[in-house]
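Enquirer: Same order as they appear, the protein sequences are chains A, B and C.
Under numbering that gives the first Met the number 0, the first sequence is numbered contiguously, ending at residue 222.
Under numbering that gives the first Met the number 0, the second sequence is numbered contiguously, ending at residue 222.
Under numbering that gives the first Met the number 0, the third sequence is numbered contiguously, ending at residue 260.
A hint or two may mislead.
Claimed, not checked - Using 30 Å as the maximum straight-line C-alpha spacing, the simulated DSSO-like pairs for lysine-lysine come out as follows:
no. : chain 1 : residue 1 : chain 2 : residue 2
1   : B       : K140      : C       : K133
2   : C       : K46       : C       : K133
3   : A       : K40       : A       : K94
4   : C       : K148      : B       : K40
5   : C       : K124      : B       : K140
6   : C       : K85       : B       : K94
7   : C       : K58       : C       : K41
8   : C       : K148      : C       : K133
9   : C       : K219      : C       : K236
10  : C       : K46       : C       : K85
11  : C       : K41       : C       : K124
12  : C       : K239      : C       : K255
13  : C       : K85       : C       : K62
14  : C       : K41       : B       : K176
15  : A       : K176      : C       : K218
16  : B       : K176      : C       : K133
17  : B       : K94       : C       : K219
18  : C       : K148      : C       : K124
19  : C       : K239      : C       : K219
20  : B       : K140      : B       : K40
21  : B       : K176      : C       : K124
22  : A       : K94       : C       : K124
23  : C       : K41       : C       : K62
24  : C       : K236      : C       : K255
25  : B       : K176      : B       : K94
26  : B       : K94       : B       : K140
27  : A       : K94       : B       : K40
28  : B       : K176      : C       : K46
29  : C       : K133      : A       : K40
30  : C       : K124      : B       : K145
31  : C       : K148      : A       : K140
What the hints assert, rightly or not - Covered stretches of chain A (in silico footprint by chain B; criterion: 3 or more residues with CB under 8 Å from a CB of chain B, positions within the stretch not fixed):
no. : stretch
32  : 14–26
33  : 58–72
34  : 83–90
If you're looking for bench data, these hints aren't it; they were derived computationally from the structure.
All figures in this text were calculated on a predicted structure; none of them were measured in a lab.
Where a beta carbon is used, it is the ideal one built from N, C-alpha and C, also for glycine.
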Amino acid sequence: MIDDIQEESLFEAPAILEQERMVEAILFASAEPVSMREMTKRMPHGVDLPLAIHNIQERYVGRGVQVVRVGDAWAIRTASDLGFLMLRETVETRKLSRAAIETLAIIAYHQPVTRAEIEEIRGVAVSRGTIDQLLELEWVKLGRRKQTPGRPITFVGTDQFLDHFGLENARDLPGLKELRAAGLLENRPVPGTEELLPSDDEDNQQENLFEDKVSDIEENLNN
Amino acid sequence: MIDDIQEESLFEAPAILEQERMVEAILFASAEPVSMREMTKRMPHGVDLPLAIHNIQERYVGRGVQVVRVGDAWAIRTASDLGFLMLRETVETRKLSRAAIETLAIIAYHQPVTRAEIEEIRGVAVSRGTIDQLLELEWVKLGRRKQTPGRPITFVGTDQFLDHFGLENARDLPGLKELRAAGLLENRPVPGTEELLPSDDEDNQQENLFEDKVSDIEENLNN
Amino acid sequence: MEEELDISESIAERVASETLIVDVDGFEGPLDLLLMLSRSQKVDLRKISVLELAVQYLKFIEKATELRIELAADYLVMAAWLAFLKSRLLLPPDLTDPGPSGDELASYLAFQLERLEAMRDAAAKLMARDRLGKDRFVRGLTEDLRQRKTINYSANLLDLMQGYARIRTKDDFRPFVMDRDSVLTMEQALERMRGLIGFMGDWTDIASYLPDGWSEDPKKWRSATASTFAASLELAKDGKIEIWQDSIFSPIQIRKRANSD
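Kindly produce the complete structure, drawing on both the sequences and the hints.
Expert: Following this line, the structure appears as structure tokens:
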């Protein structure tokens, strides 16, 4: 007690505005929230720390940064509504991978198609990631389960897919004949292509919505 | 969410107070000076950045932290009179040798300057380690080559140099004007070597060169 | 007494020479040494007497040499140059000499000294500024700029068609060997049947001639049945076996011809 009085008399406490500046500088430069005790240690004697902190906190109300209490300590933090400034958004355009393109093409031409069927057509396993990517892009979606043993899920194209590729509907997909005419296909159609197409009874039972699409695709492919 | 804000801003820039808050948040979040370009990239379109920065700078006059200009960038630094409050836990940078300090000053005041010119001014060879030390501190960097025989590389000061010594730009170097007025920053030819120089116009050219130098400094520092 | 005095003198001399050694080490080259010597003149560097400075420098070098202090080449070069300058300054100007006059050289040296001193002052001023990390501090609690990359995948109809065409063409080009494991060639069937003919008794369904493991897989079964049938016809043509079917779709039966062999 006596010490306090003596020290007070030895050192005149800085004006409250000066104390605020000090709190401001300490909070700014510290890598971690600063406790009251720590601040008291670093600041001159006789300061009214709670008042200085209170004033500084008030001063930053509505500003881009805020003086916040973190447990027993204080820190300056970015105002929560401005967090987006700390985020740099970049948009990058990338070509779809070959595997994804092929998978997408098979789904488009053969929909509804199961994963096993896709693999059979591509002749290689389809990674989970490839289908996930197409699902994420919302170019394919899950169709109905196929009425075969194991009731596998099927994949079908989406409206977004049609939209992206500038197609009115799946019927607009160029057929094999056209692909050949465009020089994209040089060989005769593979016998047995039809087998891969959903022409069985069970598929005809699928939504009517699909029926014409499917038969059209089939027609295209058989040409 | 972010898109919304940005899209909105295409039509209406946020109010100036809001812009100030953003500048405040960005500057507070970074230990390094943030260039105008970087700020522009991160802030919504249509902001009046110079005005917002100006206002923010004004706002902090006399506070515990200051908004300072470093070349083409801006930063918040604690007020220098409050340095005593800070914990100096940070590792002291290697004590600079007298040679390093002199070399730094010569580069700062004469930039862009070649090694031979530094040696001419100091009257002694510059050891490799001296310049390396300055390069390592990122206080100097390589400038463009000088268009003289041998096309020697030049050295120039950096933004980190300005930041470290609290200079807005290279024109703020202490005593620069006086030194220039006294002709001490001129490249005076050694008597008896004039023959080696192109012509009498040399002196005029020298002056032009110096003009160039000044703009070079600016340019270098703005990069 | 005199001897004592001599001793003390020599001590003083030794101390002086030791100081000199230390000093030479401390100098940053001859220009620095000259700058130090010039300070004794206590005048503005622009008004300095270069002649006096040259004399002082030469005296210093002379003494250093006497004391066998190793001097860097720089110091000796400067000494030679100053000796030359001294002679120029002392002699009346020779108007026929095309080289620079003593005054020009002297003023250049004065400029060099002034410039070096100015740079030293500037360096001191620079170091005395409020420096970062010493007087001014950066933000302690920085916030990293997070990067969020949005990747837009692109593909056009041509990509899609090419992709599909690639798959379809790939099928056509699939090498024959790839399919061989599920195909029984007629040659293979013939070879197998020739070996079995000897054991043939009465009429037997040709289905029983299929190799083991070829009846389960439909693909293999088809291939094996076809080639076995073709092989049977071949053997019948050769007169090795007889072939018989009692009605459409009923099992085809074969038996070894009695008069073969």
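Enquirer: Okay, which hints does this one fail, numbers in order?
Expert: 2, 3, 6, 8, 17, 18 and 22
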